[in-house]
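All chains, full assembly: derive it from the sequences and hints.
2 protein chains.
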Amino acid sequence: MKTDIEIAREAKMLPITEIGAKLGLLPEDLLPYGHDKAKVTHAKLADLADRPTGNLILVTAISPTPPGEGKTTTTVGLADALSRIGKQVSVCIREASLGPNFGMKGGAAGGGMAQIVPMEDMNLHFTGDFHAVTSAHNLLAAMIDNHLHWGNVLRIDPRRVSWRRVMDVNDRALRDAIIGLGGTKNGHSRETGFDITAASEVMAILCLASDLDDLEARLGRIVIGESFNRDPVTAAQLGAAGAMTVLLKDALQPNLVQTLENTPAFVHGGPFANIAHGCNTLVATRAAMQLSDYVVTEAGFGADLGAEKFFDIVCRVGELEPAAVVLVATVRALKYNGGVAVDDLSVENVPALVAGCANLGRHIENLRRFGVPVVVAINHFTADTEDEIHALQSYCARHGAKAVVSKHWAEGGAGAEELGRAVVDLVEAGDAEFEVLYPTDAPLTEKIETVAKKIYHAESVYFPTAVRNQLAAWEESGFGHFPVCLAKTQYSFSADPKALGAPEGFEIPIREVRLSAGAGFVVALVGEIMTMPGLPRHPAAERIRLDDGDVVGLF
Amino acid sequence: MKTDIEIAREAKMLPITEIGAKLGLLPEDLLPYGHDKAKVTHAKLADLADRPTGNLILVTAISPTPPGEGKTTTTVGLADALSRIGKQVSVCIREASLGPNFGMKGGAAGGGMAQIVPMEDMNLHFTGDFHAVTSAHNLLAAMIDNHLHWGNVLRIDPRRVSWRRVMDVNDRALRDAIIGLGGTKNGHSRETGFDITAASEVMAILCLASDLDDLEARLGRIVIGESFNRDPVTAAQLGAAGAMTVLLKDALQPNLVQTLENTPAFVHGGPFANIAHGCNTLVATRAAMQLSDYVVTEAGFGADLGAEKFFDIVCRVGELEPAAVVLVATVRALKYNGGVAVDDLSVENVPALVAGCANLGRHIENLRRFGVPVVVAINHFTADTEDEIHALQSYCARHGAKAVVSKHWAEGGAGAEELGRAVVDLVEAGDAEFEVLYPTDAPLTEKIETVAKKIYHAESVYFPTAVRNQLAAWEESGFGHFPVCLAKTQYSFSADPKALGAPEGFEIPIREVRLSAGAGFVVALVGEIMTMPGLPRHPAAERIRLDDGDVVGLF
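Chains as they are written, first to last, in the UniProt record's numbering: chain A, 1 to 555; chain B, 1 to 555.
Heads up, some of the hints might be wrong.
Since the list gives no way to pick out one identical chain from another, each pair is judged satisfied if it fits inside one copy or across any two copies.
What the hints assert, rightly or not - Dumping the calculated SDA-like pairs for lysine to any residue here, alpha-carbon to alpha-carbon at most 20 Å:
#, residue 1, residue 2
1, Lys-185, Pro-536
2, Lys-185, Pro-503
3, Lys-185, Met-530
4, Lys-105, Gly-480
5, Lys-2, Pro-464
6, Lys-249, Glu-542
7, Lys-87, Ile-5
8, Lys-185, Ile-529
9, Lys-453, Ala-391
10, Lys-249, Asp-548
11, Lys-249, His-481
12, Lys-249, Asp-550
13, Lys-185, Thr-531
14, Lys-402, Ala-11
15, Lys-249, Asp-547
16, Lys-249, Ala-540
17, Lys-453, Pro-439
Quick caveat, the hints were computed from the structure, so don't treat them as lab data.
Next up, the structure:
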């Protein structure tokens, strides 16, 4: 068996201008980064504004399990399959964060015969978007401390500055720090810390902005903390939004690369999927829809988190109307949900599979609430037995969803053609009537309760008094119309990562709420969220090196 | 009068592939970054290894003054002039640091009709080299704290970790910080801080490395601090060099852009000119020499600092033999050196000019020590009178150097043709017999004394006992063969920035010494050196914004 990186290195990549040509893009519509990566220019994006848009397909998955589901792999394989059956198609996914690759290991975008390339670049600096986010974020941070240093006209309370700094490296020592030491010339001492770049609100903003003007407006609305009389202080008040926009102007242009089968792929933006919405940029998805008949995209984690945020945040903000949803499941992951230990997942176990299907069933039911038709993709593993697949397909049929076996990992797009045809059937039936889960004008507590009860199936939601007061204060300050972004364990519908399947009767405790006023949502934290990872005892960085020009140890 | 940015925006740029073609580079030898920037591939650099090299011209200047000398402008104008008189030529300069542009303001590379473009890109992210340096530097920092966290096998003394972190932003609050707060999970608390990226030893290494292998070896030799028993601890011992090399592999490829007159320009690397050597990368200079008959490059600050470091560090390391030196002076700057106040510099004053020529004369004399012939470029200002220019030319003639009036600022290459011909005459006379100032195997104190006495004309050098002991310890540890890099005020030959002209009889006090074992030099600090600037009360960032796609406020 070849590894992902071996397969990726053997890819017959087309020049990026030829990939652009598949979308009707001329060489001058592209800003090349090397010969295999390009950005679509702002000028071209503006040209596209009035184009009719293609069909948007969301790929999501059951609750994540240790054996993995292969969501990105399915996203890529489906796009290649649609291309094979004659559709003009693009795929849209997130960019990888550079920092963590030096901790554990970098990864393919997809896997097996269903990957996006060039893999090395995508795991390193790529086109510099993350660095631009880091620069813009930290410029604002420097301007805050500079403002404190030069007399603090805005009367910012240094104890209530919530804007931290970011760096795209796993560096636990930077989580909590005291800065401004060393005397008067170095400003005021205060406690703060660093997050990883993917956790920056600037990243979330980049991913939700519709164009440069909207980007600047959103950056200006960032609340960096509070004044001594508890009023929110914004980036606009510090005069930072224009300069931040200048730093991000190139980064807002979508990155175009390709799959192993030369299907156009937009890889753009990389926000966290817990404290942010976890999807690629709206700009990329919109451009892809204007340039293609079919667009396949994905959302972070399982459907309870990723798809919900995609629908309630991204589609709401971007006025997108998905035409179909692909829900990825594997026989192995469902057996795990049914109580089978990781080491025993290769052994046939139909009863456990059927028990685990409760998880799948609830996701199907949830997705239907959004009015979008669902097809289940059974991402095939060689150990899957015919009886298991039959049982899984029967379960899905009973729940009103077709389930298609897809062999894209082993066979590329050819192995996903049946899935592709199933998606086309759903789209052409035209049954989608997309609607968001809750109205924009509902109170913030009600929005959180709606997600927790309707999607997670919680019995109750616990709001500590401080949280209730904070949400009320934000509604008072004019942030009540924001959608909510719940940061919860991805491993269970509940707050307990060990409660697999389809738990019932639990409480969702809201520990803390955070305002992302620029991104335009309120984050409700159910558990502790790590926003700056650390390196392991022996980080991958110790093994990563160049070997005759090839990067080794990164994968 | 048009501003530099207005002139730059009106530039008729050629596609970067056409600029490459002027050097015999094929499209596949270039990695494009947009249509007006490219990197020359490692593969092509390797191909060039055995090529004969063209003539290297160093542009340096008298001691810097508030009215400015126009060193980069002359560098660019001379290259354009050489091109006009039929030479195949490239220009090599440093990259701008992004961070400070948001403090005061960004700048042109050159000025008037003698500039390198695209100006906006070069003042923003350019091709991402600075971000790569930041990433590599901070990965090593994270690996140090990670090593302390996971048991500290190397017995690193946390109090003696000299490796700080870097960020390309002016942020005084980060100069001194305590990190690792917040309990066990966040590692060990210790005091450290941040420098600006240009001050990173990784930047100096990138600029002195000959290829990827040498880069990795140099990164491995970085001394990050000391163990409890005072032994140096290296990046190689932490296993960081391979991963840092991977992060820097693209950055080591020289960036190709162009002048307003479409002369090929390599803009690559940007180390500090005090705690480092202040020149563009050796890789770029070498590639330019392999691809062109004439290469014009420059060194930071005045000739006492910049040219000395270029000769004693860069040329020594890179085995370069410069063919000629252009020493830039202006009538205004010499009058300032002769005691005229800034406001009166536009009034004719021949006696003050002649008095100020003492500064010029000493630089001429110093440059001759290196065995390279010198021509003085009088960078023309409209207020210069004929009598002043005549007096200046007579002074130079008496000191054995031709002085040529150059009007490249107003007229571009056409205005510098006489200078170009003077340079060609020097080169074709073939009188250069380059030699470094001091032998590699001299003791470190002797090297410092040689520079201070022969170049600065100091009467004595003061070494505190701790400094003497430190230098002796480094010689003991095998670093005695390093050249020295003196960090001194650039405004005077002495340690007193107010002592203009050609002061005598002063002492050079060495305050502190620092080891740059990867870059391969010992830094001797004569004064306080600021390695992390702050933002002013009203930073440029408050005015920088996009206006209909154009960046305003940055210049």
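**Message:** Flag every earlier hint the structure violates by its number, smallest first.
**Reply:** 2, 4, 5, 7, 9, 11 and 14
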